[in-house]
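**Student:** Next come the chains, spelled out residue by residue.
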Amino acid sequence: MHMLVCGGTGCRASASEMLYENLKKEVKEQGLENDVQVITTGCFGFCEKGPIVKVIPDNTFYVSVEPEDAGEIVAEHALKGRQVERLLYLDPVDKKRISDSKGMGFYKKQIRIALRNCGLIDPENIDEYLAADGYEAMGKVLLEMSPEDAIQEMIDSGLRGRGGGGFPTGVKWQIASKVSGEQKYVVCNADEGDPGAFMDRSILEGDPHSVLEAMVINGYCIGATKGLIYIRAEYPLAIKRLKIAIDQAREYGLLGKDILGSGFTFDVEIRYGAGAFVCGEETALIHSMEGERGEPTFKPPFPAQSGYLGKPTNVNNVETFANIPVIYNKGAKWFTSIGTEKSKGTKVFALAGKINNVGLIEVPMGITLREVIFEIGGGIKDGKKFRSVQTGGPSGGCLTEKHLDTPIDFDNLLAAGSMMGSGGMIVMDEDDCMVSVAKFYLDFTVEESCGKCSPCRIGNKRLYELLDKITRGQADKEDLDNLRNLSMVIRDTSLCGLGQTSPNPVLSTMDNFMEEYIAHVEEQRCPAGTCKELIRYEIIPENCVGCTACARNCPVNCIAGERKQLHTIDQSLCIKCGACLEKCKFNAVKII
Amino acid sequence: MELIKLKIDNRTVEVEKGTTIYHAAKKLGIEIPTLCYMNLGDLKIEHKPGGCRVCVVEVEGRRNLAPACATECNEDMVVHTHSIRVLNARKTVLELILSDHPFDCLICAKSGTCDLQDMAIKMGVRNIPYQGEKSTYKPDFSPAIIREMDKCIMCRRCETMCNDFQTVGVLSGVNRGFESVVAPAFERDLDHSECTYCGQCVAVCPTGALTEVDHTTQLIRDLADPDKKVVVQTAPAVRAALGEAFGLEPGTLVTGKMVAALRRLGFDYVFDTDFAADLTIMEEGTELLDRLGRFLKGDKDVKLPMLTSCCPGWVNFFEYHFPDMRDIPSTARSPQQMFGSIAKTYFADIVKTKRDEMVVVSVMPCVAKKYECTREEFSVDGNPDVDYSISTRELAMLIKRSNMDFGSLPDEDFDKPLGESTGAGVIFGTTGGVIEAAVRTAYELHTGKDLEKIDFEQLRGIEGIRSASVDFDGTEIKIGIAHGLGNARKLLDDIKAGKSEYHAIEIMACPGGCIGGGGQPLHHGNPDIIKARQKAIYQEDSGKPIRKSHENPYIVKLYDDFLGKPMSEKAHHLLHTHYFDRKQKDVLLD
Chain A
1 MHMLVCGGTG
11 CRASASEMLY
21 ENLKKEVKEQ
31 GLENDVQVIT
41 TGCFGFCEKG
51 PIVKVIPDNT
61 FYVSVEPEDA
71 GEIVAEHALK
81 GRQVERLLYL
91 DPVDKKRISD
101 SKGMGFYKKQ
111 IRIALRNCGL
121 IDPENIDEYL
131 AADGYEAMGK
141 VLLEMSPEDA
151 IQEMIDSGLR
161 GRGGGGFPTG
171 VKWQIASKVS
181 GEQKYVVCNA
191 DEGDPGAFMD
201 RSILEGDPHS
211 VLEAMVINGY
221 CIGATKGLIY
231 IRAEYPLAIK
241 RLKIAIDQAR
251 EYGLLGKDIL
261 GSGFTFDVEI
271 RYGAGAFVCG
281 EETALIHSME
291 GERGEPTFKP
301 PFPAQSGYLG
311 KPTNVNNVET
321 FANIPVIYNK
331 GAKWFTSIGT
341 EKSKGTKVFA
351 LAGKINNVGL
361 IEVPMGITLR
371 EVIFEIGGGI
381 KDGKKFRSVQ
391 TGGPSGGCLT
401 EKHLDTPIDF
411 DNLLAAGSMM
421 GSGGMIVMDE
431 DDCMVSVAKF
441 YLDFTVEESC
451 GKCSPCRIGN
461 KRLYELLDKI
471 TRGQADKEDL
481 DNLRNLSMVI
491 RDTSLCGLGQ
501 TSPNPVLSTM
511 DNFMEEYIAH
521 VEEQRCPAGT
531 CKELIRYEII
541 PENCVGCTAC
551 ARNCPVNCIA
561 GERKQLHTID
571 QSLCIKCGAC
581 LEKCKFNAVK
591 II
Chain B
1 MELIKLKIDN
11 RTVEVEKGTT
21 IYHAAKKLGI
31 EIPTLCYMNL
41 GDLKIEHKPG
51 GCRVCVVEVE
61 GRRNLAPACA
71 TECNEDMVVH
81 THSIRVLNAR
91 KTVLELILSD
101 HPFDCLICAK
111 SGTCDLQDMA
121 IKMGVRNIPY
131 QGEKSTYKPD
141 FSPAIIREMD
151 KCIMCRRCET
161 MCNDFQTVGV
171 LSGVNRGFES
181 VVAPAFERDL
191 DHSECTYCGQ
201 CVAVCPTGAL
211 TEVDHTTQLI
221 RDLADPDKKV
231 VVQTAPAVRA
241 ALGEAFGLEP
251 GTLVTGKMVA
261 ALRRLGFDYV
271 FDTDFAADLT
281 IMEEGTELLD
291 RLGRFLKGDK
301 DVKLPMLTSC
311 CPGWVNFFEY
321 HFPDMRDIPS
331 TARSPQQMFG
341 SIAKTYFADI
351 VKTKRDEMVV
361 VSVMPCVAKK
371 YECTREEFSV
381 DGNPDVDYSI
391 STRELAMLIK
401 RSNMDFGSLP
411 DEDFDKPLGE
421 STGAGVIFGT
431 TGGVIEAAVR
441 TAYELHTGKD
451 LEKIDFEQLR
461 GIEGIRSASV
471 DFDGTEIKIG
481 IAHGLGNARK
491 LLDDIKAGKS
501 EYHAIEIMAC
511 PGGCIGGGGQ
521 PLHHGNPDII
531 KARQKAIYQE
541 DSGKPIRKSH
551 ENPYIVKLYD
561 DFLGKPMSEK
571 AHHLLHTHYF
581 DRKQKDVLLD
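Protein chains in written order, with this note's numbering: chain A, 1 to 592; chain B, 1 to 590.
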């Protein structure tokens, strides 16, 4: 029997390490060491209900497990063969406990290719990766295929870069393979910077060898002998597991000189980034690795022509790499059977926001937003109404009800005014003010702009200021025209992808929620009731029973009233924190 | 060479593959506006970061607008440089840049010569719809350069000059987004950086973000003080560029008018730094002959090649970057400092003026000279040999302020004795000039023969690094020339590696030498202006009756009456200097 304990960052934050230790201790105490193996794995994806423990072979899936539960799991499940009922997932619809994850709404529609080993193998043990067909693809490519054939297979698979751009991976390899150069480089872009996104991090934490294997294949195809992984220093667990994986791969002769006797030499080094969003852009990433200021340069030349240290370089994203070994194992044809016409395979999304099942999901291209949000995601939290979904990270667009049945792929999202990006997906409900949402994203891009080109450096700042003006009710209609013009110009003139997409949240909310902008500008009203300067809290006399809860919780003491008497709010002192609304049990506080 | 055809604004043009849209348009007479772009042609400096986005054009079939300065032409490309989309985007981008710029044009040092101001006029900007927070920085006052980063538009030309051309590496982009700015590391001030004050950042800055320290107010005060004798010296390169500030063609020599203007400004004595240049040749040339003589006799300790030392930017450079090699350059002071030293001793005696009653001012094409005046070793009891230095630009402004019509001024001559100079002194203003002047004198002193041909064409040119050999009557003297500190670094690295074959090397910090100095009228990225100034310098030289420093009668008299002979003890005391290891001193300690 195997007990798989999630060792992803999210579950570790909920004490899964202690849970792991406790399980090991209990197993030992019960004398089951020969029968039960406790293993730390990568992320299962269902972070909402972490920490996760999965027991195989019977596939029992325990959720929200606490370290104190270890004794019961071992005593009951391992010793007596009885599931711990209370730790099974409770289906929110039919209120039944589900023991196998395959039966859960969250997993039903998922297809896990990039995440295939996350939650299955111990990422710190190369033998487990090998047992899961690991390095088989590499062996096949190195020993049986010519670089040309291997590139052709990649082209045939239709795999497109998962970092955001969606450029066909095989074509990228082909370009680099045709450029002559004594030294070429393969770079893994692990500079995942979208707020709330953790796709790449989870892959590196859960299945680092899949990335290394793919990098070797990439190197063989283009004639590169060196690989560099650019990873942000604030991913310590991913770095630790990568280091272990690299050491193990070297020890097994899967990295280094003459790999598998093929005559091909390839090794990998880790480079640390300081966490700048713009360094996800490949030229900026390369400059950062060179020790230069992390800012993009004009393309062409593309990195495939002149990249790291001026040498031909292929930069691929973590998730792209994670797909590659499977494609060689199962064939391009198999891969093309999944997905849409122009977007093959699956995509990993970090599902977040006002949604019941927050977590990491991998779905086939072509699935609709509705399926993702309402089936996998389990719908909107607290029964509220769906408002919008934002895809593509901070520079994606906000889509609405009318886009819910759009099949998700690179081109459809772009056509809808958003983008695939690296896979952030944030769901918003009726309580979200869309102007504030746009402002929130601009706040991020203003912070993360490198400052090189004027439209991004100054333009985004001005966009933010205009949005701020609107949320304060101080803007006029001309400001709305300026907002749109400025957005279009920033998109049209910025140097790199950051500035070219940063106005997306503004343009998409203007397209889809113009009435909210108008309400802020013409009526100085925030329909969602979140813009502090446009709302006030008032006490409804009919409902107030004089319980004093609001007055006691008001941080600025601006609520007056005797016990069992009507209370009133001094608007001149109120800071609109909402504490009164939250504490009132009698529905006597309202936002106007 | 592959040719490609494309259409720009409905006109067909054929260009070489690799040509940018900007240059292809230029071929058609279409001037696409630029702000950050800079191309100094023969000087091999091309800066095209594609950062300002003012040069964007519409390329059919392309999703977004393309920066013309960086985008290469393709076969059958169709480009529009003034479609409504382009015009709107370009103006909006400019409005954005202006929205983060202080509106103090009326009182800005760059007003009238500012590229951003020109652009605003050209685009017809009448209001800035995008208002908001503005970048504010504390101004940085160094002895030579002022940084007012509120005015920086992040074109980053200065960075290219400082890093790629000069390899000084002081200026670079720091911080991110709206907070990003060009600054020394850790946003320290220039005075606490390894800045050489070469002033090339000032020379290329399109706005008032980088300017020289202004000494004109001090000068006006001194000129008005009846108790002070104010002496001026003017560097050779000034006369070849000053006219540009008055609308004259680049390369117009204005020596006589300049002298007349200085006299009308109220200087008591109008002298020429060229005189001191002749003096430099006597000292430096003698030092070279001395080192060569010892070398040829088999002295293994002699330091060769000898490097020139008349450029203060260059002196700062090796003090910071090659302090362990500071025994290689000549010990001769720069002409500016030799002049100050002689003026406040020899000349002060002649006119019976006390040192502290005499003010020596220099007019220089240079920013580093402002700093050089302040070096402690060039003062006596706290009284500097040269009180301060003004740039060519400052002089032009003073002339304008004093209501002179420069064009109608008569040609006047310098005063004597420190105003008499030879053609050798004049060519100090251009790359290759110092060494040519030195060779003219050293050859004759060494061989005892008269030169058959005074012009050494092999030493002239604009290439960044040049080498030539001169036959000293059977002894071959190998000469290296570098302008631009990046080129100097290459020669120094060779010396360090023991690979240098030269006997003497001339180094000037600025592109083209002093004619391309940081204090000259702005060339706005037009390298032809620098070449025209060079031509003017050689023209002045060839028109001089005396063209060899050692034949300057006033130099001869100076030695006879005062100094004795070159490298005498007195000469050593007054005309030579020593260098410091500044890697430790200034930079690491605050």
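What the hints contain is simulated information worked out from the structure, not anything from laboratory work. Where a beta carbon is used, it is the ideal one built from N, C-alpha and C, also for glycine. Be careful, since some hints might not be right.
[Stated by the list, open to error] Below are the EDC-like pairs computed for lysine to aspartate or glutamate, each with C-alpha atoms no more than 16 Å apart in a straight line:
hint, chain 1, residue 1, chain 2, residue 2
1, A, K469, B, E133
2, B, K5, B, E75
3, A, K299, B, E72
[Stated by the list, open to error] For each label pair, taking beta carbons as the anchor points, the in silico distance ranges come out as:
hint, chain 1, residue 1, chain 2, residue 2, range
4, B, A185, A, E72, 54 to 62 Å
5, A, K477, B, R126, 18 to 26 Å
6, B, A185, A, Q474, 53 to 61 Å
7, B, E16, A, A13, 43 to 51 Å
8, B, A185, A, K477, 44 to 52 Å
**Student:** Is the gap between the beta carbons of B/A185 and A/E72 within 54 to 62 Å?
**Tutor:** Taking Cβ atoms as reference, B/A185 and A/E72 lie about 59 Å apart, which means the hint holds.
**Student:** Against the 16 Å threshold, does the CA-CA distance of B/K5 and B/E75 hold or violate the hint?
**Tutor:** holds (5 Å)
**Student:** Has the hinted range 43 to 51 Å been met by the Cβ atoms of B/E16 and A/A13?
**Tutor:** With a Cβ separation near 59 Å, B/E16 and A/A13 fall outside 43 to 51 Å, so the hint is violated.
**Student:** Between A/K469 and B/E133, does the CA-CA distance stay at or below 16 Å?
**Tutor:** It holds: about 13 Å lies between the C-alpha atoms, which stays within 16 Å.
**Student:** Given the hint of 44 to 52 Å, check if B/A185 and A/K477 actually sit that far apart at their C-beta atoms.
**Tutor:** holds (47 Å)
**Student:** Does the hinted range 18 to 26 Å hold for A/K477 and B/R126 at CB?
**Tutor:** holds (20 Å)
**Student:** Verify the CB-CB distance for B/A185 and A/Q474 against the hinted window 53 to 61 Å.
**Tutor:** violated (40 Å)
**Student:** Is the hinted pair A/K299 and B/E72 satisfied, with a Cα-Cα distance of at most 16 Å?
**Tutor:** Holds - the C-alpha atoms of B/E72 and A/K299 are around 10 Å apart, at most 16 Å.
Violated hints, in rising order: 6 and 7; the structure is consistent with all others.
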